[in-house]
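Chains B, C and D: place on chain A using the hints.
Number of protein chains: 4
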Amino acid sequence: MEQPQQSAEQERAAEAAPRAGRPPLRVGMVGYAFMGAAHSQGWRTAGRVFDLPRQPVLAVICGRDATAVQAAADRHGWAAVETDWRALIARDDVDLVDICTPGDSHAEIAVAALAAGKHVLCEKPLANSVQEAEAMTAAAEEAYRRGRLLAMTGFNYRRLPATALARRMIADGRLGTLRHVRATYLQDWLVDPKAPQTWRLRKESAGSGALGDLGAHIVDLAQYLAGEKLTGVSALTETFVRERPLAHGHAAGLSAGPAAGTGAVTVDDAALFTGRFASGALASFEATRYATGHKNALRIEFNGDRGSLAFDLERLNELWFHDAGQPGAEAGFRRILVTEPDHPYLDAWWPPGHGLGYEHSFVHQARDLVHAIAEDRRPEPSFADGLQVQRVLAAVEESAEKNSVYTPIAHPGL
Amino acid sequence: MEQPQQSAEQERAAEAAPRAGRPPLRVGMVGYAFMGAAHSQGWRTAGRVFDLPRQPVLAVICGRDATAVQAAADRHGWAAVETDWRALIARDDVDLVDICTPGDSHAEIAVAALAAGKHVLCEKPLANSVQEAEAMTAAAEEAYRRGRLLAMTGFNYRRLPATALARRMIADGRLGTLRHVRATYLQDWLVDPKAPQTWRLRKESAGSGALGDLGAHIVDLAQYLAGEKLTGVSALTETFVRERPLAHGHAAGLSAGPAAGTGAVTVDDAALFTGRFASGALASFEATRYATGHKNALRIEFNGDRGSLAFDLERLNELWFHDAGQPGAEAGFRRILVTEPDHPYLDAWWPPGHGLGYEHSFVHQARDLVHAIAEDRRPEPSFADGLQVQRVLAAVEESAEKNSVYTPIAHPGL
Amino acid sequence: MEQPQQSAEQERAAEAAPRAGRPPLRVGMVGYAFMGAAHSQGWRTAGRVFDLPRQPVLAVICGRDATAVQAAADRHGWAAVETDWRALIARDDVDLVDICTPGDSHAEIAVAALAAGKHVLCEKPLANSVQEAEAMTAAAEEAYRRGRLLAMTGFNYRRLPATALARRMIADGRLGTLRHVRATYLQDWLVDPKAPQTWRLRKESAGSGALGDLGAHIVDLAQYLAGEKLTGVSALTETFVRERPLAHGHAAGLSAGPAAGTGAVTVDDAALFTGRFASGALASFEATRYATGHKNALRIEFNGDRGSLAFDLERLNELWFHDAGQPGAEAGFRRILVTEPDHPYLDAWWPPGHGLGYEHSFVHQARDLVHAIAEDRRPEPSFADGLQVQRVLAAVEESAEKNSVYTPIAHPGL
Amino acid sequence: MEQPQQSAEQERAAEAAPRAGRPPLRVGMVGYAFMGAAHSQGWRTAGRVFDLPRQPVLAVICGRDATAVQAAADRHGWAAVETDWRALIARDDVDLVDICTPGDSHAEIAVAALAAGKHVLCEKPLANSVQEAEAMTAAAEEAYRRGRLLAMTGFNYRRLPATALARRMIADGRLGTLRHVRATYLQDWLVDPKAPQTWRLRKESAGSGALGDLGAHIVDLAQYLAGEKLTGVSALTETFVRERPLAHGHAAGLSAGPAAGTGAVTVDDAALFTGRFASGALASFEATRYATGHKNALRIEFNGDRGSLAFDLERLNELWFHDAGQPGAEAGFRRILVTEPDHPYLDAWWPPGHGLGYEHSFVHQARDLVHAIAEDRRPEPSFADGLQVQRVLAAVEESAEKNSVYTPIAHPGL
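Quick note, the sequences are listed as chains A, B, C and D, same order. With the working numbering as the guide, the letters of the first sequence map in order to residues 1 to 414. With the working numbering as the guide, the letters of the second sequence map in order to residues 1 to 414. With the working numbering as the guide, the letters of the third sequence map in order to residues 1 to 414. With the working numbering as the guide, the letters of the fourth sequence map in order to residues 1 to 414.
Incorrect hints may have been included.
For identical chains, the list gives no copy identity; a pair is met inside one copy or between any two copies.
Stated by the list, open to error - Here are the computed lysine-lysine pairs in the DSS-like style, where the Cα-Cα straight-line distance is at most 30 Å:
{"hint": "1", "residue 1": "K194", "residue 2": "K229"}
{"hint": "2", "residue 1": "K295", "residue 2": "K229"}
{"hint": "3", "residue 1": "K229", "residue 2": "K402"}
FYI, nobody ran anything at the bench for these hints, they're computed from the structure.
Just chain A, same shape as in the assembly (with noise of 0.2 Å):
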């Protein structure tokens, strides 16, 4: 018994059979970090929750050093391993490349992959600068027109049922007209001086630091559940600790590190940001690395004339909604618990009650691109949404330079 004998073939039917039906959809991944672990659990568990119309399949997994990819693909049940992303993306075999590399990397693997006719599913930030989004933007407009070939942004935090559910209940007009958003993204692991400088830290790398990695997502959810766009902001930005020792070995994902000694941080610790959205609501962000306590502590609340909302992603089963209409004397913030059937993504998971964790805004991510490109929708958020994010980010990045000027963001052809 403890031995079975049954074939290496018969083992690898058992448990990954397309459904019956479906198409596949052959996923290339570039990178197998964090981010391509996080993608990997999504594409391999969206099809077996969701009733898809085409079938994920983990075809090929890409990174440059030969032993990690061929343990990241064993690990995480890849087909088939690259070493260049270039080979990854002239594969026949690929529907579509998700890009979980670090920022530097995005804009020409994007561009290449869209020309290649493939879909693009890209981590954010987009990119590392303005200009490189808009190359990115302009590829995946024409690789539409051209091949109806789609191309999506990798906010995740869009796809948690409590922020789902937010997003339906604002646009639903339960708050109202906006007065106030406030949004903090806070980390700590960089409160200890002696944490190691990694491709994180350094703006060639990474282009920014709690700037781009945390400040983007808040960026994104604040207007993507206000439901409009900024218009401009002002921003204060430090790094607290502007040297720090050089870790050893290679870095994670596309970029080696250095050898020893210690590295300059060249990237913002904390970026701290007020601005105004259309509507003349106002806002402020802070996103920071030195938030001694707080792992992942994204925060976000609206406030409109006729209602509330509040998030808090160390506590994602919630959302806390404060009904402007409710008698006086029983009004109160009430603890929504977004783990019912009738709220987004939950009619195919579990009965009441069950909450989901993390990674499982990757399986949505997942679910809501497959759905795209089966019926030929453009997702959500676009290359362009990504684009306007990097747009803000440059904003606070120019404001910071300029004594906190209030400084417009820039909106071409919006």
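Relative to chain A, chains B, C and D alone:
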């Protein structure tokens, strides 16, 4: 692009390549409703996140309705189907039988599967009666002696990071001498008297009501975390609504539902009981399906003379700890976000601060059982553990029938 | 400037000028420890915040130790002192006797005060035995018939804005048919086995332990808020530490403490009980002084078929409400901040959002009693209410002695 | 019994006997609206709970409307009334003038009171302009030099047990190097555009809107708790509703309200600003009256490299503390219930676990000011502290007018 021409074999290989050098563990699952879906997700994921000594394979799924079980196989990715559990346990290509049916069939399937040389994972409660659980436990003992076959009871809530951390802290003596345990498991799906009668509300299929469904979980969790057993209980039970409309069509799982009209509710709607632990600590338990507004509120707290711990399934990534050794002016319950690499199970998941969900308890259950099988260690909770919980439930029922009189819990052979 | 030369008379006038046109209500208080301080604050404040028909006057304070009682009078602002409660009740310038002593003296003082023509407010528990409480209730009935004298039991937790709002909502039918009540009152001041023995740990002075001190509060609150009575209970009690060091010097209040060595603890440390309400709702109660980390955690929750309510004394300005009539996707427990003008008692206090504290329950108790006296309405909770709670406590003790057997609660004359 | 015949003198003596051997401190208060009521409660209670070196006496209350001020005196227990503040400060029987009027009259009254030889307590914000605050500070300096007269600004939120504990912990170095401060003060009473215009919405009476009313509190609290000052700010302000209906009748306090029609709102509805502390820490502030569902949500958090602290006025008996020195697997924000005898102010109040309310900040303010006067120590916050806050507010307004440009805060003489 949109209609790729790869072979089906290639597609299958894409997702399910077994991990190099790891022999498969071929699972045959009986039942495909809620628990079937949760276990499928557990088996599918465990070997992709953890480095397991054997790779789980979703080999065969079994249910009585051929069409429904085929749909479940297709959805969840099982390689083969059977419509008779006897056929399933007769297959050579199944190493482990996972029993996800209602309680009335547990004993027969489990005993037969062990006799057929399969490892067994059986959902809780282990059985609908002490007698059945005793037979199952005897069969498990015999199968282990005879063939090193392992048998595990599916008390999955032991395997959340927060509960596993609680167990570790209590075992490390962080609470000192235990004084109090209080546990509730609150749901509300029967509040509406028009909610239909189902197999869960009939004694012959479910054994008991809230007591076996919810009470079994909190009894097991309380005893496991405390590291000691209950010695007696005093109980009150109640059935608030004694007649309910019959559900239309087939009931979920193996038990077919009746046709129309109303049916008697022959199990408890709610069960309250107090008790004593072997150490003298006092305990209280409440299991109910009438706690309006609570969908799945499993809450448990421990007070010892050195500290206290509290857990709430609605916020399953948190554990609250009061350390009585803190200086008084700074003392307080601290909210441990159990999302860090040095917390149980979490080194294999995401970076700090990224929470898991309900289903991960099944991933961890699969992980732990695979390790136990590969390392020839008897798993916890064993069938004997499941039997002991059954004895507690029986004492609760006996006390409730005897005017709440304090009723010792039988511990033959312990 | 620093040493003004005004007369003592002027100084007194400055603070205590009775309000124009409102006759005084002259209070004589027996006892000056914790409850004495709290009641002093209540009497001092009630007439300054609320428009009362009579203005409370802190007339006479009584305690056996002449020096200590004079210091208490000086601190709390009582105009006169007595060292014998018999002298206090004999005074013509006292309208109401407020009994803040340990339970063993309640009956004698209360009966005598009523006989002497005084209104009486008596701290809870009403007495140390059902027999004493019956005598007090009979005396109160007689005094009301004879002289319209009022007698009130000091269950102050009825008079927080949040609990008063809960009562109003339940009385308005917001919960529908009641199914569950669960109440705990958790403290931890006995966790340390070296904490001294005091009058509260001796049966002859305190009557019982956690049961009478804490359990009495939650039994009264549960019944008052539910609007119905318990009909029977099943109980477990325990004394974890049976011998404790004696406190040095005098014990607080009227009972002198012993000298040195250790003394037996002759009351319960913890009491757990379940029960049924007249409507069939199930209830659970836990009162303990061994819940490490909990200083004063009185928590109570009600589940009905139309909604649920929850209260926690540690956050006493909040009431949590689940309205089962909410649309499902927006349903949740809502946190009502009970700080608004249309909440009970709050039109006389601060603008919206400014929370009250523990002591305000005594201000409101004083307010309500003054109104009852001025308007010749019998106050709630009456002595009969206090007696009924005493009967519940007696049934708890009886059940605990009789192997937890379910014990009906006597309701003679109800 | 019901109509006692004691003399009025006896009644007065009953409540207000000054404490033996403690000279009185005779207070004259100007204003009798919200702050007047809160200060009355503070003065009345402080000497009854704390052992003060001088006993506060509610000597004279002053307001322009003779009938209304007499009613206030009667309600709150002030011995005498004046209708002209100049008459009040001319009285020999007043030691301290307590200014509870709108900000436009603070400077004139405070300067005159100091000149007349009175100690002064002045509500916040200290004045409606930096110029006024400078004059007041100069007068305070002169009065101290000349006559040891003390002047205090009424930032009462420094004097809650939780905030005082936070100050103590930060001063003890528990947070290490400060990195972040974030503070919000959220109210919602202007959400309804039909809410009336009052003196608080006119620049000439209130100076500013949410900025001076709410922002002043969080600026003071942030700086006080941090133990350092802001050096510059960047700000956005907004007035969402610029015309409101006029309130009927007289406005509260000294400023009479207009008759009918609508009036312009000439102050900010909301103010957002970021800034830097002297140490380099980043700070963000938000003050608004449009945060639907928030009645009085003053929230402040500090992150340092050794720990973090968080406070929320809606749960004012709690302080949240993260100690970065905890072992990682047990780390978390801990909820300190600030209700214990070794917490600030609490040894004089109740046993463990009995929470205080909003008004106790005024009791503690009175307590601390009486000690300062008796011990000839200059109190904090001084007028100079109030002036410095005024300079921060002025920099906020300047930045908001200058396109949010970062604006240094003037520190002449610091």
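So, going through the hints one by one against the coordinates:
no., hint, in the structure
1, K194 - K229, "between (39 Å within a copy, 28 Å between copies)"
2, K295 - K229, "both (28 Å within a copy, 28 Å between copies)"
3, K229 - K402, "both (22 Å within a copy, 23 Å between copies)"
Hint compliance for this structure: no hint is broken.
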